[in-house]
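Colleague: Residue numbers (the numbering used here), protein chains in the order written: chain E, 801 to 1195; chain Y, 4 to 368; chain H, 13 to 295.
There may be inaccurate statements among the hints.
[Claimed, not checked] 30 Å max Cα-Cα, derived DSSO-like pairs, lysine-lysine: (1) E:Lys995 with H:Lys18; (2) E:Lys995 with H:Lys122; (3) H:Lys122 with Y:Lys17; (4) H:Lys150 with E:Lys932; (5) E:Lys1102 with H:Lys122; (6) H:Lys26 with E:Lys833; (7) Y:Lys324 with Y:Lys304; (8) Y:Lys77 with E:Lys833.
For the record, the hints were derived by calculation from the structure and aren't laboratory data.
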Amino acid sequence: MDILRSVYQVAGFIVLISLGVAVLEGYFYYHFKYYARSWFFPAALTVFPLLALAGYYGVTWEHPLRVWAYFVAAEALVCAAFRNIVKGRNTLPYLLLAPAFVGLALLLVYPFMFEVYLSFHDLKLTTIMMWKNTGHIPFVGLRQYWNVFTTSPLSEVSFWALVGRTLVWTFSNVFFHVLGGFALALLLNNSIRFKGVYRTLLVIPWAMPQVVAVLAMRGEFHATNGFVNIVLGRIAAAFPFLAHLGVGPVQWLSDYPLLTCTIINVWLGIPFMMVVILGGLQSISSSYYDAADIDGASYFQKLRYITVPLIRPVLMPALTLGTVWTFNNINVIYLVTGQAGGTEQADILVSALYKAAFTYNRYSYSAAFAIVVFAMLFFISVFYLHGFDAAKDER
Amino acid sequence: MASVEFKGIVKRFKDNTVLNGVDVDIKDHEFVVIVGPSGCGKTTLLRMLAGLEEVTDGEILIDALRVNELHPSKRQIAMVFQDYALYPHMTVEENMSFALRLKRTGRSEIEARVQEAAGILQLQKLLKRMPKQLSGGQRQRVAIGRAIVRNPKVFLFDEPLSNLDAKLREEMRVEIAKLYQRLNATIIYVTHDQVEAMTLAGRIVVMNKGIVQQVGSPIEVYRKPANLFVAGFIGSPTMNFFSGQLRSEGDRLLFVNENMKLPIPSFLLHDGDRHAGREVVVGVRPDDVLVGRDGAECSGKMEAVLEVCELLGHRENLYLKLGGLRLLATVEAFFDRSPGSAVTLCFNYRNMHVFDAATERRISE
Amino acid sequence: MTEKEKRILKRRLKFLLIHVAIVVAAAVCVYPLLRIFSVSLRPGDKLFSTDLSIIPPNATFKAYSDLLKHTLFLRWMWNSLVITLATSVIGVSLASTAAYAFSRFRFPGKKAGLILLLSSQMIPAGMLILPLFLMIMKLRLMNTYLGMIIAYSVSSLPFSIWILKGYYDTIPRSLEEAALVDGTSQVGAFWRIILPLSTPALSIAFLFNFTTAWNEYLVARVVLFSSQQYTWTLGLFELQGQYITQWGMFAAGSMLVTIPVLAVFLYSSKWLISGLTLGSVKG
């Protein structure tokens, strides 16, 4: 019975969302069709905001005048945009884009703007009740941004140390991802038996749900029951001279948390790079290698002068994406160290950001922090994309 | 079947003018080939007729009905694309019947028309196959079949043979010619290959740089090219051109440059005196360069050096050097002389072409 | 030994080394999964042992039966499945049309839109949780499927649009033009020609939407608060939080959530390579 109800529910959601999309398409369609008529502007300005307000009331049971004013303003903006910019042209592409971009605007751009708003105010545990009751929070200008650079989201680590650690974390991870992915892709690109089976097995870390994969790997680094320490312990027992050199069980999680996280994340990230690079390798025509063989190139020369330049167009976007993902990777660090008041020794910017917001409840501070992090990421990717464009020009 | 009219067609992409005032009339049942080098706007013209490209200015009429704003499917045309554009996820049969299914034609009629088209093109055994299981020539036939099934007023072919190898191309050319006789349809065929144009066309439209250079039957275009461009573009191997001046000497008109002095007979240029002093270009097709022969229709003899011979089979290309000029002659095989030897040559009077050097227009008869 | 025999031997040795290297790498990739499996089979009193064998002595499925009997695990899986499927269907449909507009049309704002998609990838994790939480609270959708679906629906949209656009770009335009001449509208050409041809890219986009939503827990953590409504990620956290006896169940649960995703992932892996590289080359 439960299952049946859920099926109805899912069908209901999809119908609901489709209805929403239909309403949206209709809304834009009529703008495209009638935007130039003289009656349209006043009609639109009365009808659409009232409908929106009715919808708003239906969901929240509130109908403040302020919200209605927002809707009117938004409608006026849309009408103005149609009159002066869109002018009824390109109907189809805009209608095709509308659902996705309205969704993005509501669930991505609006929250982002809200964070920008927060970052200029002071919302924290002590002001949140005031905000809830009066809708007012103190405006503090750029002070939150000042705080970002001068104080720290955590108790033991400074902001600049976090920046440094994040950069080290990002670049060492991406470096090993590419190195490992490249090596495995080169191995797999030979005509060997069981190729399909190998490829399947090698993508398992990527395919596993990340939560499970990270927690499983964390288990392997456990001080007494993890695979790593068991093996280290057995080696030390079997070869006493190695034990004298310091080989033996290590308190991975408490003594070397960042190293542990890095190892785990490298393990997780190699398959993606491998798949991308393998695709690139397979698209290189073998005639280049034949030509190089005739020219007497060695294996490494071929690698250097043929393989690397030719997979660059495939590699660069993957590298950009990989860098952004790693920089932004909260899963590994949070799951390995973050729960239940764990260590701060492995925190990078994004995990510190999460803690600042949800452990220390410094909402405005974390908003300013997030925007600073966003800006950093943006500059890093612009840098990468320039590299990509340069690679494009070379071809 | 139908007539097609282009009236003052202009096409601009932003600042780039692709077509600049194209006027062409195409009559019912005509096989018209639009030919020109790549980038001359011929494909754009065809796509505008199909409704795939907007018309910047001018009018397109099918059967005297203005179709500028009509949806492609309402124009009663069918198009065969350069890359065939067979739907990869449909069988041959589904590909051919797609348009009819969209129009909700009855099943039995669809069946009958697909069978008929398949019969014409010998596709019966391939109907259940997917496009990727077909060879290039078979795909080509399916693409044509898809057009036939729709029973259109006008067939449009956009460089249909350019993706085939040389031998298949010849075969398909003959098939298209046969098809034309059988369907008796209006066909507009775009190509950059002047051999296809010469062999298939009832009328040729030669285009360059967005302008129609000449419209005429293959013979007209070949025998009487309207300007230098047409003369150079039509005919293979390419025509030889020599620039120089016309002079009048006594009652004769002479073409003179550093390396040659040719009498121009009066049946080529009337009123010789009127042309005296004019800068011109003289064109002679390689076939009309007569090597080592005498004849009444021959112009003044000249001495040249043989540089390279190319044996084509029954014909032979001779690359000759005449003073500082290079020219090509095509003669009967086997021309038994070794490179470096001297030969005498003359031009076939009747088929000499004289163009004005400035306007590039033809001035000879 | 002749020159030829030497060459053959060298070749054999090379391939042997390749195989050895790959097998070692594969073992590293697979081993943690096998260890979870091994832990899930252990009897309750042997959970913390230093035994390394995959099938432990006295292997038992008791952890699995306990998990299904004494926790809401099935319910959690079901919750995750409902939320994930609805999210993926919505995400892929929105992405497929938007990507088509980006791939085939020129319109003002196209570049700005693509830049918006790209920069959305740079929003730090955790930044949007608070506003989303407030929004969902305002809409009174806390602790509901719909709230989760709304929160998740656009999270994979930019990446999906990017991949699909890359794939559409490789489909020749003449196919749609042929369809137009045959009598479809532009939308009809998209529906009848482009979509069926894009199955590989659509499956990859679906896979990305699916795995992102299936594995998410940061948003789920703030939106869902009754264990009836938990997704499996939250459920597993609950098991993991409470020591010793739950460790076996945790492993059993991990196995159960991993297997379906793994199956889907491996099934689509042949498309994965082509889809990903096409998307990135053209991107």
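Colleague: For every hint, state whether the structure bears it out.
Modeller: Going through the hints against the structure:
Only pairs whose Cα atoms come within 30 Å are accepted, and E:Lys995 paired with H:Lys18 is accepted, the gap being roughly 26 Å. With a C-alpha separation of about 42 Å, the suggested pairing of E:Lys995 with H:Lys122 is violated against the 30 Å cut-off. Of the pairs offered as hints, the one joining H:Lys122 and Y:Lys17 holds, with about 18 Å between alpha carbons and a cut-off of 30 Å not exceeded. A C-alpha spacing of about 12 Å is found between H:Lys150 and E:Lys932, which places the hinted pair at or below 30 Å, so the restraint holds.
The straight-line distance between the Cα atoms of E:Lys1102 and H:Lys122 is roughly 40 Å, outside the 30 Å bound, and the hint therefore fails. Proposed proximity of H:Lys26 and E:Lys833 is contradicted: the alpha carbons are some 69 Å apart, above 30 Å. Restraint check: the Cα-Cα separation between Y:Lys324 and Y:Lys304 comes to about 14 Å, which is no more than 30 Å; the hinted pair holds. Straight-line distance between C-alpha atoms of Y:Lys77 and E:Lys833 comes to about 23 Å, which keeps the hinted pair within the 30 Å bound.
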